[in-house]
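Novice: On the provided structure of chain F, position chains E, S and D as indicated by the hints.
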Amino acid sequence: MEYTVGSIAPIFLSPVIAFVINAFFGRRLPRHGDWLAVLSVFISFIFSARIFSDFVFGQFATDYYVHKTFTWFDLSHGAQIFKVDMGIYIDNMAAIMLLMVSGVATLIHLFSVWYMDHDERHGRFFTFLPLFTSAMLGLVLSDNLFSLFIFWEIMGFCSYSLIGIYYEKEKAGDASIKAFMTTRVGDVFLLLGIVALWMVLGSVNYVDIYAAIAEGKFAGQSVLGISLATFAGFCIFMGGMGKSAQFPLHVWLPDAMMGPTPGSALIHAATMVAAGVYLALRMYPLMVLGELTTFIAVIGAITAFMAATIALVQTDIKAVLAFSTISQLGFMMIGVGVGSYNAAFMHLITHAVFKACLFLSAGSVIHAIHEQEMPKMGGLRKKLPYTFLAMMCCTLAISGIPFFAGFVSKDRILGDALYWGFMAGQGPFHAIVPILGFSAALLTAFYMFRLMFLTFFGEPRDKHIYDHAHKEHLSLTSNVPLLILTVFTLGFWYAGTLTGQSFGKVFGAKTEWFKILVEAPKVENFVNHPRQAFGSTDTAEKASLPVARYDHQSGYAGPNPDEHKLHTAHTIGAVASVVIAFAGVFLAFLMYIRHSIKPWADNFSGITTTLKNRYYFDNFYVDILIKKGLLGLNRFLAWIDMGIYDRYAVDGMAVVNRTLYKASKWFDNVVVDAIGVDGTGVAVNLFNLVLRIVQSGKIQFYFIVLITVLASYIWTLNI
Amino acid sequence: MNQTVVSYLSQYEFYDSLLALFGNNQGLLAFTIFLIVALIIVGLCATIGGLGTYAERKISADLQQRIGPNRVGPYGLLQFLADGVKMMTKEDVMPFTADKMLFYLAPMLALVGVFATLAVLPFSSGFAMADLNVGVFYLIAISSLVGLAVFLGGYASNSKWSMLGGMRGASQIISYEIPVTISILAITLLAGGMSFGTIVGMQKGLPINWFIFHNPFAFIAFFVFFTGALAETNRAPFDLPEAESELVSGYHTEYTGMRFGFFALAEYIEVFVVCGVAVALFLGGSNLPVDIKLDIIPIQIIEVVIFLTKTLLLYYVVIWIRWTLPRLRVDQLMSVCWKYLTPMAILNLVGCAIWLVVFNGKSMADMVFGH
Amino acid sequence: MFIQILFGLSALLTIGCAIAVAVTKNIMHSCVFLLGSLIGIAGLYATLGADFVAVTQIMVYVGGVVILMLFAVMLTGGKDYVSKAQNLLGLAPNMGNKWTYTIGLLVSLVFILTNVKLVSSVIKANPAKTFGNEFPSTVNQLGHLLVKDHVLAFELSSVLLLGALVGAAIIARPRKQ
Amino acid sequence: MISLASYLVISLILFAAGLTVMIARKNLVAILLGIELILNAAALNFVAYSRYVTNNLDGHIFSLFIIVIAAAEAAVGLAIVIRFFQIKETVHVDEATQLRN
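Residue numbers (the numbering used here), protein chains in the order written: chain F, 1 to 719; chain E, 1 to 371; chain S, 1 to 177; chain D, 1 to 101.
Only chain F is shown next, with the shape it has when bound in the complex (with noise of 0.2 Å):
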């Protein structure tokens, strides 16, 4: 039990490994080095799940964390400190986000071996994925949020370099400057609210920041006017927001289709877009105390409902994922909103597992087909089998049918949304966000079994196409990593029950495992935490504390006044979330399996053209941003450039020289050069007269003459 270097330093350092071999060797290695990728995730995954069961079944408290920390450099000069320190910091929640990242990885590389087989750009591919996996595991392991930030623009350049992978092609380099360029913009408020929090506390570690909260150090400190707090948390906020496509950041997504499937697997579903909310979690105490948490619910719940509208009239199958994906993010941000931490945690697991899995299944019909135009499709059910199987449970549980994933934690995100909106006694401006979110949870189910309907059943409609089509056998590669990520797609893995609910509990109370371990961070237990070195041991520290249990009475949270009322909330949701899931399949089969109503397209085309330009965000940011303001911006500055800099500043430098320049030349040709130079020539040639006879240049002269005039100093001698 103790956390070395050794036991920790492999998760992220393997897959850094994987990435410098192939990065310089790749091309010597056989088959460019991919097994050397997937064994490197495989190593990570073996160290993360070590420390998983650590940490779940029930070796330490559930408040326990390791935090280790070494330092980086120490500029202190005296009173002045000025050091930084880095360090690992693993808590329940990183402990399991680490199981899920590794895991998720691995599945998605082993996928990779075989869908880029053959792929030109293979080397290339597998180059990048064990880096982007390494920078996932490095930010989850970040202890602060220095580290955290060089991890996150780690994964920014990866994304990148996956999504143009394929650079050739024009729109795949769009795509990833796109998403480069938009992540940017709350990549530069992320690292603002991190130089705020530095200026200020004179540390960014999560710790220090939440003993800050405690102590109360953020009362009265103020950035720009705002409070510290709500500065901070905003930008960090706004940091996730990009890395998580919130709302007005989300446009980057849909276009990161254009890298391999596997690529945006791993970008979409366990990796880089669970990071903003990733962050979002770990500075809520910072949001709570900035008072961002409606601001957050608000902006999640517009980014569930949008993207959900959106995705009702994608036909590339790609596209749906993508915004089912923005969609679902939303749900997440909601439940940082409402307060619901540890289910929007366990969406992120939940959402991670079964996206993966979806997406896995969206390459391997893309494969199977070489086409990603739903329309084409049809009736693949008997083609692919086992995809089929895989798909079909992961769209259940998207969709919040019952006994999968799904349900079990966007239920909960759904009814304390409920809660919050309609019985915390808030304003009625709240209410926007349940009624939001339960509209995006119908259409989720609907174009989710959309998506379904047109893919898998009913009769192929591009005969070519089917009959081309591969018949997919069981293989190690293609879709036994589909077949594992569906069994964790069931609701039982995560909540010890088929359904999430209180009643009808299968394991008893510790199996209600997510609940306990995962719980907002108490910030008063922070203060003066001891610092623990790298090679300490954590036993001592472990048998102190004891361990937490599931009181199922009460709840882990204590006795709540309003116990009642989220008792009943929950109960209204689960039901409202059973009913909503399936209407929105009832209607998806009424309209594309039964064609009893005519498709979404047909009913409401006046929306649907704007939709389908996905509410007009691009043109509005390239025709009206873009264009108009930064062009107009460019245009004054130009005019400040040369109208009143060259103008005045320049041209008037000039006119000054000009005036110093006439002066300078008087004084050179009367005084330098008529006094000075011709005087000094002509001083000059009257000693030349003279010396000319003597300095004649011939050596032999001299010699005659130093002979001379010793003999004739010898001869005046005395002697």
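Be careful, since some hints might not be right.
[Claimed, not checked] Reference listing, derived: stretches of chain F covered by chain D, where coverage requires no fewer than 3 residues with Cβ under 8 Å from a Cβ of chain D:
| hint | stretch |
| --- | --- |
| 1 | 461-473 |
| 2 | 700-714 |
[Claimed, not checked] Pairs of lysine to aspartate or glutamate residues, derived as DMTMM-like cross-links and limited to a Cα-Cα distance of at most 20 Å, are as follows:
| hint | chain 1 | residue 1 | chain 2 | residue 2 |
| --- | --- | --- | --- | --- |
| 3 | F | Lys463 | F | Asp618 |
| 4 | E | Lys204 | E | Asp291 |
| 5 | F | Lys698 | D | Glu95 |
| 6 | S | Lys148 | D | Asp58 |
| 7 | F | Lys628 | F | Asp618 |
| 8 | F | Lys522 | F | Asp316 |
| 9 | F | Lys698 | D | Glu89 |
| 10 | E | Lys204 | E | Asp295 |
| 11 | F | Lys612 | F | Glu215 |
| 12 | F | Lys169 | F | Asp316 |
| 13 | F | Lys612 | F | Glu373 |
| 14 | S | Lys25 | E | Asp83 |
[To be verified] To list a few chain D residues with every Cβ distance to chain F over 12 Å, as calculated:
| hint | residue |
| --- | --- |
| 15 | Ser3 |
| 16 | Leu4 |
| 17 | Ala5 |
| 18 | Ile13 |
| 19 | Leu19 |
| 20 | Ala24 |
| 21 | Ile31 |
| 22 | Gly34 |
| 23 | Thr54 |
| 24 | Asn56 |
| 25 | Arg83 |
| 26 | Ile87 |
| 27 | Lys88 |
| 28 | Glu89 |
| 29 | Ala96 |
| 30 | Gln98 |
Rather than coming from a laboratory, the hints here were simulated on the basis of the structure. All C-beta atoms in this analysis are idealised placements derived from N, C-alpha and C, irrespective of residue type, glycine included.
Specialist: Only chains E, S and D this time, still in chain F's reference frame:
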């Protein structure tokens, strides 16, 4: 005090009777003794040089599976005399545009330079003209006259071949003097003196006491010395100044008759001298392996025989090398000297000095057998 | 007796060759006469009991300097050349003419007279010491002096030689343009 | 018994010959020859004084250093002569009138 053959003889009783014979005129006696010894040595060496030509032809024939000279005298032994007679009776041709003074001077200088070295060559403990305090140094210095002679001969002939040969010879001899001198310096360091008497006297006894086996550096120094000496005497594989395939015959292309004979004789005697120096410096000189009490004349004869045996063995090796190895190019010649031999010689010198300091002046034999 | 003979021969060689150096019209012969003069000086050293200096003289001059000069003469060509530049001595060919020799001899005369005055007074002031006819070996003592009393000059001369070596190589190197 | 004066006279004649060569000759190499003669005259004086006057070996040391310096001087001087010849194609001393190029 410089030891000479006269001072050696004066230890013995018959010197007094000789003195009486010359009417107690010491100077006249010394002059006579010097003259006689010098004549003996020059005669001996000239014979050896002449026989050298015969040996060279015979050995090369042997190496090439020919018979070689076999008409004049038994086994062709008198061939060199026949050659000498031929050379002396030939017409002495001088090119019209030659620089007459230098043309005459050059062969003389060569011969003088070589014969002057014989003055210090230790044929035996007594049979040497003079045992100078600076003997080795004198030998190196005076033998550089040969280089000058080669150069002047090449210049004076006023011919392109000769000029090139002369310039090559001069530059080669000057260059190779450096490693040779530094190797010898290592030996003077071991012996603690520059006189041949001191150096040879230090190597008394069994071959293990020879300076070549004194320490590893001295062992290497012997080969550096020998290689450099080969080059200094213009022997193959360093015979660029007279490379017959390129320069007709190098610096003595225009020489005929006895002047050519002087150059040839000088070359062969110089080889003999170089071998003798190698023997004296590295291979124990004229020392007897065992200490025997004999009269002055027999012991001197035995010592001379020992010295000549060793020297002529080395002489054989030189001829052997000449007929075995091909000639070097000019650039290779220079790089061998400056890039390999000179650094090696300097390292040997430093190594010997360090050896002396570290092992307190003991040789390897001293350390093995104890002293 | 030997010493007197050696002195006489050496002095004759030295002076004769030195004068020949001055009067001969051929620069090559001039170099060879210089060689004779230097060997004569070595003989004079020997009569003074300076055996090491004598051998060094032969070593350095015969083996090095004279050959170097012969090389230089050969590389610069023996062609006669009359300078177009006017100077106090007028136009002169490479090896001088009667005017240059006149001036040279005049200056030499001035120097000789000066030197005779100087040296005679020096000899008068310091009467020569008497010494025996023996010549002790100087090699050991010179070695001790060089590395004890004169070690600085000894080391500096090694630096000087290195500088001369490198400098000569750099100066004489043809510049590639 | 050879007197000190005989050595000094020889050295004087050497010096005078060297001086004449240095002044009368216009060939740079010949001037170097004159310099060698002069240096040797000086060295001979040193050795002679060391034997006849001081009776120690400091004069020998002096003449050794003179030989060393003469060798160095000859090497550098001749290098300069050769370089000069490469540029001017003559070794006439009066042609050496430019300080550069």
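Novice: Next step is simple, just say for each hint if it's right about the structure.
Specialist: Here's how the hints hold up against the structure:
1. With a cut-off of 8 Å between beta carbons, the stretch 461-473 of chain F has 0 residues touching chain D; three or more are needed, and the interface restraint is violated.
2. Counting residues of the stretch 700-714 of chain F whose CB lies closer than 8 Å to any CB of chain D gives 4, which reaches the minimum of 3, so the coverage claim holds.
3. Restraint check for F/Lys463 and F/Asp618: the C-alpha separation of about 35 Å exceeds 20 Å, so the hint is violated.
4. Distance hint between E/Lys204 and E/Asp291 is fulfilled; the C-alpha atoms sit about 9 Å from each other, no more than 20 Å.
5. As the CA atoms of F/Lys698 and D/Glu95 are separated by approximately 9 Å, the hinted pair is consistent with the 20 Å bound.
6. A threshold of 20 Å between alpha carbons decides the hint, and for S/Lys148 with D/Asp58 the separation of about 12 Å falls inside it, so the pair holds.
7. With a C-alpha separation of about 14 Å, the suggested pair F/Lys628 and F/Asp618 falls inside the 20 Å cut-off, and the hint holds.
8. Between F/Lys522 and F/Asp316 the alpha-carbon distance is near 45 Å, which puts this suggested pair outside the 20 Å criterion.
9. Simply put, F/Lys698 and D/Glu89 have alpha-carbon atoms about 18 Å apart, close enough for the 20 Å limit, and the pair holds.
10. Restraint check: the Cα-Cα separation between E/Lys204 and E/Asp295 comes to about 19 Å, which is no more than 20 Å; the hinted pair holds.
11. Between the alpha carbons of F/Lys612 and F/Glu215 the distance comes to roughly 51 Å, so the proposed pair goes past 20 Å and is violated.
12. Among the hinted pairs, F/Lys169 with F/Asp316 is consistent with the structure: their alpha-carbon atoms are about 18 Å apart, no more than 20 Å.
13. Restraint check for F/Lys612 and F/Glu373: satisfied, since their Cα atoms lie roughly 14 Å apart, inside the 20 Å limit.
14. Of the supplied pair hints, the one linking S/Lys25 and E/Asp83 is violated, its CA atoms being roughly 40 Å apart against a limit of 20 Å.
15. Every CB of chain F lies more than 12 Å from the CB of D/Ser3, the least distance being 21 Å, so the non-interface label holds.
16. Chain F leaves D/Leu4 outside its interface by the beta-carbon criterion, the shortest separation being 18 Å against a cut-off of 12 Å.
17. Non-interface status of D/Ala5 relative to chain F is upheld: no Cβ of that chain comes within 12 Å, the nearest being about 18 Å off.
18. Residue-level check passed: D/Ile13 sits 16 Å from the nearest beta carbon of chain F, beyond 12 Å.
19. Listed as a non-interface residue, D/Leu19 fails to keep its Cβ farther than 12 Å from every Cβ of chain F; the least gap is roughly 7 Å.
20. A cut-off of 12 Å between C-beta atoms contradicts the statement that D/Ala24 is not in contact with chain F; the least separation is 9 Å.
21. For D/Ile31, the non-interface assignment is contradicted: its Cβ lies about 8 Å from the closest Cβ of chain F, within the 12 Å cut-off.
22. The claim that D/Gly34 is not at the interface with chain F is violated, since a C-beta of that chain comes within 12 Å of its own (minimum 10 Å).
23. For D/Thr54, the shortest C-beta to C-beta distance to chain F comes to about 20 Å, beyond the 12 Å cut-off, and the non-interface label holds.
24. Every C-beta of chain F lies more than 12 Å from that of D/Asn56, the closest at about 25 Å, which supports listing it as non-interface.
25. Listed as outside the interface, D/Arg83 is consistent with that label: its C-beta sits roughly 17 Å from the nearest C-beta of chain F, beyond the 12 Å cut-off.
26. Every C-beta of chain F lies more than 12 Å from that of D/Ile87, the closest at about 16 Å, which supports listing it as non-interface.
27. No beta-carbon of chain F is positioned within 12 Å of the beta-carbon of D/Lys88; the least distance is around 14 Å.
28. D/Glu89, annotated as away from the interface, keeps every beta carbon of chain F farther than 12 Å; the closest lies near 19 Å.
29. At roughly 8 Å, the least C-beta separation between D/Ala96 and chain F is not larger than 12 Å, which violates its mark as non-interface.
30. Annotated as non-interface, D/Gln98 brings its C-beta within 12 Å of a C-beta of chain F; the closest such distance is 9 Å.
In terms of the numbered hints stated before, the structure departs from hints 1, 3, 8, 11, 14, 19, 20, 21, 22, 29 and 30, listed from lowest to highest.
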